[in-house]
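**Student:** Take a look at the letters that make up each chain.
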Amino acid sequence: MNIMQATRLVAAREIRVKLRDRTFLISTVFFLLIAAAATILPPLLSGGPSTVAVTEAAAGPLRAAGLEVHTVPDDAAAEQAVRDGDVDAAVVTGPAVLAMNEAPDDVVSALSSAPPVRLLNPDAVDPVVAFLVPFAFAFIFFITSQTFGVQIAQSIIEEKQTRIVEILVAAVPVRALLAGKMLAGTILALGQIGLVALVAVAGMAFGDNNGLLTLLGPAIGWFVPYFLLGFVLIAAMWAAAGALVNRLEDIGGVSMPVQLAVMLPFFAVIFLNDNATAMRMLSYLPFSAPTAMPLRLFTGDAAGWELPLSLLLLLVAAAGFLAAGARVYEGSLLRTNGRTSIRTAWRERETAA
Amino acid sequence: MNAVTSVLRLDGVDRSFGDRQVLKNVSFDVVAGRMTGFVGGNGAGKTTTMRIILGVLAPDAGQVRWQGTPLSREARRRFGYMPEERGLYPKMSVREQVTYLGRLHGLTADAARRGTDELLERVGLAERGDDLLETLSLGNQQRAQIAAALVHEPEVLVLDEPFSGLDPLAVDTVVGVLRERAAAGVPVLFSSHQLDVVERLCDDLVIIADGTIRAAGGREQLRQTYTTPRFELVVETDAGWLRDQPGVSLVDLDGARAVFDLAPGADEQPVLHAALARGPVRAFRPVSPSLAEIFREVAAQ
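Heads up: the sequence lines are chains P and U, in that order.
With our numbering, letter number 122 in the first sequence gets 122, and the count goes up by one each step, no holes.
With our numbering, letter number 161 in the second sequence gets 161, and the count goes up by one each step, no holes.
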């Protein structure tokens with residue numbers, strides 16, 4: 001059996017245990033519900049085109065604009081229909097538009113002659129969407145790397161706390177243990193996000209939001225490699241943090257730097273997302289690149305050469321952190337007396353090759 | 001497997017933690033088909049030695065050889081190990097985790113399942129196999145631990161305090177299982193501070209104190225080497241005269257019954273003649289010292 005097979009066995013166990021964990025299942029279902037609700041509900045609630053009451057003589061342009069037209073005998077009946085709530089608006093002689101408390105834009109524009117518009121940047125995004133999409137990306141990365149990172153740390157501590165780690169280390173290389181946990185965490189995280197994305201895409205199709213889907217396509221495509229590398233980076237830190245302590249209760253003390261490494265970039269991206277210079281810097285910084293770069297891509301700010309460059313930086317950082325995390329993990333795995341300092345863990349590699 | 005090459009050999013193993021050297025030039029053999037007891041006080045270096053055999057710790061110097069070649073990770077995977085600090089996954093069923101450990105030791109899924117079923121049956125856990133480990137009593141958790149160490153039919157068994165925490169019935173079960181493995185040609189190294197259990201079980205004995213091997217070899221041979229010849233004499237009247245007999249040092253005197261040691265090189269027959277000259281002799285026999293006495297003797301050197 002080589003290290004790959006051992007890694008697979010370890011990962012398979014982690015996944016099997018996780019898939020039976022009620023908390024994990026409930027949180028997954030919860031995310032799916034949110035994704036479905038966020039994509040299906042808004043179009044349903046917005047309620048389609050306005051209904052308008054009008055005399056048959058003036059109905060032509062309104063029908064042509066695709067509004068739902070109710071013909072009435074005269075202006076008084078039209079006004080009554082609005083007051084009764086049978087229709088959203090009425091068009092009376094003048095022409096004038098009647099409505100209860102909100103000007104019906106689609107009716108007004110059906111009656112106006114708009115000047116021709118030439119868009120200079122036709123790809124520019126609706127400002128609401130421009131805020132929501134980056135927030136969603138940053139949030140997904142934040143929540144997922146946090147949740148699954150903590151789980152990797154917990155699983156490492158469990159093995160230390162129950163002392164089974166000594167049997168495991170005698171049977172398989174330490175690196176296979178770590179790799180298996182990282183692999184399982186990544187698969188579960190991607191699986192969960194994939195499910196959420198699937199539900200969101202289905203929801204958008206259902207809610208007739210295909211325009212947004214086309215727009216998001218490339219950003220999502222790039223988000224995946226960034227997410228993967230970013231996740232490895234964070235998970236390696238969690239693994240090292242977990243290996244340093246012996247009891248689940250003690251994880252708070254070592255996890256602070258990891259929490260900050262996830263949280264600070266998250267808030268930076270959220271609050272600075274309209275500051276081009278800050279975003280450019282954040283998109284190269286390994287910790288914030290997974291959220292900042294797909295975002296700049298989405299808003300069309302990133303030049304083509306920037307992606308591979310920042311991805312390369314992230315790759316190097318992830319590899320570096322993985323190596324460092326593995327070393328700390330190897331150095332502290334068998335120290336079951338109290339908390340191990342990073343320095344001790346770094347210096348001492350105990351097991352035989 | 002041939003008896004000459006199927007030897008686990010430690011050769012000049014040193015190990016320090018910081019400034020403290022816990023193993024000094026440790027060398028001994030664990031021979032196939034024999035149960036080797038590994039005894040020593042707390043902190044003498046038993047656990048460190050066993051961890052080095054399993055590769056959980058690396059030695060600073062020296063090496064461990066199995067069948068004549070230095071141990072590789074691949075070879076160690078076929079070893080069975082029961083660490084002193086026990087533990088399995090609390091939230092996994094017994095069957096599932098024993099199977100998992102079997103697979104980590106290189107068994108196929110089928111072989112792991114079969115091995116698990118057989119072993120759980122053997123250690124009396126078949127009916128609890130699907131229960132979560134944490135719901136088992138401590139004694140049953142220990143049985144599960146034994147099953148976990150044996151599931152892959154190891155070529156070598158290393159058990160750190162396998163009997164601690166076991167009730168007498170479970171001790172018998174474990175002893176039975178270990179003897180079976182030894183009889184099948186597996187070298188078995190086990191440590192214990194319960195010297196009476198070691199005495200009952202071991203064929204060979206390794207005694208460690210302060211990180212140094214003080215004695216190693218067959219149990220009977222050690223008995224002869226490391227203890228002065230001791231005899232018991234029962235006569236009709238008072239045996240106090242033994243005090244003045246050359247080469248004799250009294251260990252215990254209770255009226256007509258005396259226990260005495262002979263100085264090295266002294267013969268016991270003149271003592272018997274002297275006793276007979278004084279009257280009838282009811283008993284005269286050599287006394288085998290217990291392992292505890294050997295241990296005390298050797299460790300005190």
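Quick caveat, the hints were computed from the structure, so don't treat them as lab data.
It should be emphasised that the depicted structure is a prediction, and the values quoted were computed from it without experimental measurement.
For every residue, glycine included, the Cβ atom is placed at its ideal position computed from N, Cα and C.
Keep in mind that the hints are not guaranteed to be accurate.
For each label pair, taking beta carbons as the anchor points, the in silico distance ranges come out as [what the hints assert, rightly or not]:
| # | chain 1 | residue 1 | chain 2 | residue 2 | range |
| --- | --- | --- | --- | --- | --- |
| 1 | P | R247 | U | R296 | 35 to 41 Å |
| 2 | P | R247 | U | P168 | 51 to 57 Å |
| 3 | P | L25 | U | A61 | 48 to 54 Å |
| 4 | U | T212 | P | G252 | 42 to 48 Å |
**Student:** Is it true that the C-beta distance of R247/P to P168/U lies inside 51 to 57 Å, as the hint says?
**Tutor:** For R247/P and P168/U the Cβ distance comes to about 33 Å; the hint is violated.
**Student:** Does the Cβ-Cβ separation between T212/U and G252/P fall within 42 to 48 Å?
**Tutor:** 44 Å, holds
**Student:** How does the Cβ-Cβ distance of R247/P and R296/U compare with 35 to 41 Å: does it lie in that range?
**Tutor:** 39 Å, holds
**Student:** Taking 48 to 54 Å as the stated bounds, is the beta-carbon spacing between L25/P and A61/U within them?
**Tutor:** At 52 Å between Cβs, range holds.
Of the numbered hints given earlier, the model fails hint 2 alone.
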